[in-house]
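**Student:** Sequence:
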Amino acid sequence: MNFISAMGGTGWTVVSVVIPFLFVLTIVVFFHELGHFWVARRCGVRVEVFSIGFGRELFGFNDRHGTRWKLSAIPLGGYVKFFGDADAASKPDFAGAEAMSAEERSVSFLYKSLAQRAAIVAAGPIANFILAIVVFAGIFSLYGKPFIEPRVGGLVPVSITDQGGFRPGDVIYSVGGERAISLDAIKATLAAKAGQQLDVVVSRGSQQVTVSAVPQAAWFQGSVAEQAGFRPGDLVLSINGRAIESFTDMQRFVEVRAGEPLQVVVNRDGRNVEITATPSITQFKDRFGGTHRVGRLGISPSRDQAAMVIRRYDPATATWLGVKETWFVVERTFGYLGGVIMGTQSADQLGGPIRIAQVSGEAASIGFGALLSLVALISVSIGLLNLFPIPMLDGGHLVFYAIEAIRGRPMSEQAQEMAFRVGLALVLMMMIFATWNDLRGLVG
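Residue numbers (the numbering used here): 1 to 444.
No lab work stands behind these hints: they were computed from the structure.
Note that the coordinates shown come from a computational prediction; the quantities given were computed from them, not determined experimentally.
Where is the CB? At the ideal position from N, CA and C, for every residue including glycine.
Honestly, I wouldn't trust all of these hints.
Unchecked claim - Label-pair distances were calculated between CB atoms; the ranges are: (1) R257 <-> G60: 47 to 55 Å; (2) A316 <-> S101: 48 to 56 Å; (3) R204 <-> L428: 34 to 42 Å.
From just these sequences and the hints, can you work out the full model?
**Tutor:** Okay, structure coming up:
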């Protein structure tokens with residue numbers, strides 16, 4: 001199976017960017033291909049090659065089953081090649097299949113049942129989702145998860161980056177002595193310490209710089225929340241019937257529902273009150289130049305309750321939270337892609353090689369936990385990408401098998417050849433577009 005990820009070289013230092021980039025990519029690629037490999041072996045398919053990277057082999061070895069495990073020169077993905085494949089993209093070798101002996105057909109991918117072939121193809125993306133769940137679970141067990149009670153405060157912290165001393169590209173390392181383990185953690189610290197002078201440590205290139213800042217606060221008069229009837233001290237219980245456990249849950253739910261009326265249940269002085277609120281649309285650009293459109297109510301945590309608590313969870317609970325976090329990433333990804341199609345979101349958020357390498361370096365500068373979070377996020381993204389119904393990708397193969405199941409026979413060799421060519425063109429266009437976005441972000 002061919003593993004596609006639009007990634008390439010960078011011009012940053014080896015230690016700060018290239019090594020974290022390769023660390024993230026290698027783990028994600030390895031587990032994706034391991035999914036294909038493991039299920040193929042269980043189905044009796046002979047695996048000829050397991051490669052991390054493309055191109056010339058740097059080094060490798062043969063296992064006792066005859067599989068060549070190798071590391072190749074171009075770290076843009078990886079592949080496993082089955083007996084009966086014409087190439088690394090798992091295009092069937094129809095000509096060679098006709099000349100196979102009965103023994104060879106028994107270990108050929110091409111001659112396995114439709115269900116077995118579909119399972120082998122789907123195993124790669126599934127492995128990516130499993131990896132993400134395991135990594136998120138490990139983070140929640142070892143590092144914990146920031147928790148803020150979803151109680152309305154009536155103050156909205158103003159971003160400290162609006163003040164002098166910060167530069168585009170700065171990566172926040174700590175705020176007021178507290179490590180910036182996530183964006184949620186930064187928001188919680190700012191809300192808890194509004195009006196206090198804080199030392200903010202940022203990574204700027206290869207240096208760490210300390211900037212003094214005072215997170216200000218403004219009353220939310222005129223905001224969506226005030227117009228809807230929220231009051232300071234309200235404890236948000238649910239939105240559209242979905243239980244809200246933390247302030248972060250509320251932010252995440254609202255951000256993807258800009259302009260959509262929401263039914264919010266709050267507890268006010270011991271009684272439940274239902275409020276209808278429609279999040280306003282807020283548009284901003286990230287440091288890469290990508291345009292984001294998100295929903296905002298205009299509320300922040302209560303200053304009395306905003307002290308952030310880091311909760312660590314037992315393995316079972318952490319695993320369930322890992323499933324929820326993975327599903328959240330899937331939801332946000334589909335929501336964004338749907339927005340691009342409908343014209344409500346900008347396509348300039350789509351990143352490629354340079355952006356992923358840059359983010360890898362930034363995550364590594366924050367700490368190993370942040371780098372692991374990036375592994376999980378990239379793993380989910382790659383799992384979804386490979387499920388797109390594009391020939392050459394896993395999703396394209398699954399479409400072929402669905403057509404075969406409906407027709408009772410495979411598509412013709414000519415039709416599959418044409419589909420693979422179209423798929424290759426689409427994948428190349430996606431990679432070029434994503435890389436172009438990266439370059440625009442750097443120049444901008």
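**Student:** For every hint, state whether the structure bears it out.
**Tutor:** Verification of the hints:
no.: 1; hint: R257 <-> G60: 47 to 55 Å; verdict: 50 Å, holds
no.: 2; hint: A316 <-> S101: 48 to 56 Å; verdict: 50 Å, holds
no.: 3; hint: R204 <-> L428: 34 to 42 Å; verdict: 36 Å, holds
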